[in-house]
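Participant: Okay, here's what each chain looks like letter by letter:
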Amino acid sequence: MKIMHCPLNGPRNIQEFVWMGDVKKVPDQASCSDAEWTDYLFIEDNIAGEVDEWWLHAPSNYLFVARRNTLTDEILWTKKTSDYFTDGAP
Amino acid sequence: MPFALLKYGLNPRRRDAPQLKWPSEIRKYYDVIIIGAGGHGLATAYYLATRHGISNIAVLDKAWMGGGNTARNTTIIRANYLTPEGVAFYKESVELFRGLSQELDINIMYSERGHFTLAHTDAAMRTARWRAEVNKHLGVDSEVIDADEVARLCPVMNVSDDVRYPILGALYHPPGALARHDAIAWGYAKGAMARGVEVHPGTEVVSILRDGDRVIGVDTSRGRIFADKVVQAVAGSSSRVSALAGFRLPIKTIPLQACVSEPVKPILDQIVVSGSLHVYISQSARGEMVMGGATDPYGLYSSRSTLDFKEGLMAHMLELFPFMAELRVLRQWAGIADMTPDFSPVMGLTPVRNYYIDSGWGTWGFKATPVCGFRMAECVATGRQPELLKPFALERFSSFDLVGEKGAASVGH
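Heads up: the protein sequence lines correspond to chains A and B, in order. Using the numbering used here, the first residue of the first sequence is number 5, and each one after it goes up by one. Using the numbering used here, the first residue of the second sequence is number 4, and each one after it goes up by one.
One or more of the hints may lead you astray.
Claimed, not checked - Distance ranges between label pairs, derived from CB positions: (1) B/GLU398 to A/GLN33: 16 to 24 Å; (2) A/TYR66 to B/GLU28: 54 to 62 Å; (3) A/ILE79 to B/ARG17: 54 to 62 Å; (4) B/ILE29 to A/TRP41: 38 to 46 Å; (5) B/VAL267 to A/TYR66: 32 to 40 Å; (6) A/GLU78 to B/VAL267: 34 to 42 Å; (7) B/TYR168 to A/ILE79: 30 to 38 Å; (8) A/LYS84 to B/ALA154: 31 to 39 Å.
Everything labelled a hint here was simulated from the structure, so no lab data went into it. Where a beta carbon is used, it is the ideal one built from N, C-alpha and C, also for glycine.
For reference, chain A alone in the conformation it holds in the complex (with noise of 0.2 Å):
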């Protein structure tokens, strides 16, 4: 079993999570082309290394965000949204 560690209920079986995808930059929707729109919702970058990418602790329906190594499949940290964006990530 692989554990994944919960900000807000410590660790857990990595079963009772759900991958969001990556932590994005959301364009402006009532400014941005259609292009910048479309590359937004289907475009990846699709990092083979470290990336960071939103979680979500289904049980708890608690949203977390956690950097990921996508060779080794390793999980760095894990932190809550709000410490992650004062922590001056994207």
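We have chain A; now place chain B onto it with these hints.
Facilitator: Relative to chain A, chain B alone:
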């Protein structure tokens, strides 16, 4: 040991003629470079050489021939998809597969078994009827059958109501088949090499050379090679190679795991899939039960195996086939799949001129090998997107023209 055999073995003039020969030298220029010596890349080279008269081709591979997803799939061939675009595409693939042993002069062990997509809910029955109607309309043999008919055709399956998800019926697709996956790669390689195509294993592409918006060649671990046209057929690493060419794809890389049991005598004739239970199973010609499930719950570039996968797979498998309790798992592995948002491939022209892509092969790549080779060769030779590949162009994502393929394997519906 018979004396004649001993004499033959020790005869120094005996030559083991290898069927496939790698050229030791790599040249500085080719008409076409194909990145990835898997089934798709080799098939593209074969059809370019046989149908379009282009045989000055180098097929490059970082590792060895047919060692990626060509070796890691579960060898199922079928055409019972949901979208008209998908059905037409996979139908052509099945037709090519049927003649492939003759065409390539190699026994691909094509074996038509019949294919069940089980339905355990009303919603799944509705999807099965939908798929059957689309299939019939396009000339693909599919029909919806009830649980009694499933039991008659496949007596070893447990169709009782006394399980968590009783079987209500199935989409039955008689042409569903299995084939020897390695033989497909070997056959295409043999045919292509006989016409002058070079295959270079152990040759990694490290960068892609461009002159403005046009590709002019590649830098490899064995030096610089120029080419008029470059094709990438590297499912599993599509985003990494397209990044070298300078564009991004609508792809997430996710592992797909599979395993086989110890071999037993023939007991299961058909290929059985359940989208609701996330399992599929068939019995190989060797007697092994070949089993797989859904893709992993999160993206990864590693082909590691997990206990979670086997736990889920076995629990559902024992419900469908109680006799499986007697069997042990012999081998397990994972392939790295290109998952697209609409479960359809991304093929054809790219933002880079003379650079062609064959990607987005999530859990449906093996069954498309011949048609991909055939149509990618047409695309490369003519420089235009073939009619059959138009729905799968990369531009569909900027025009919201997605091809939602809910008939794809390993997709829960």
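Participant: Taking each numbered hint in turn, which are not upheld by the structure, reported in ascending numerical order?
Facilitator: 5 and 8
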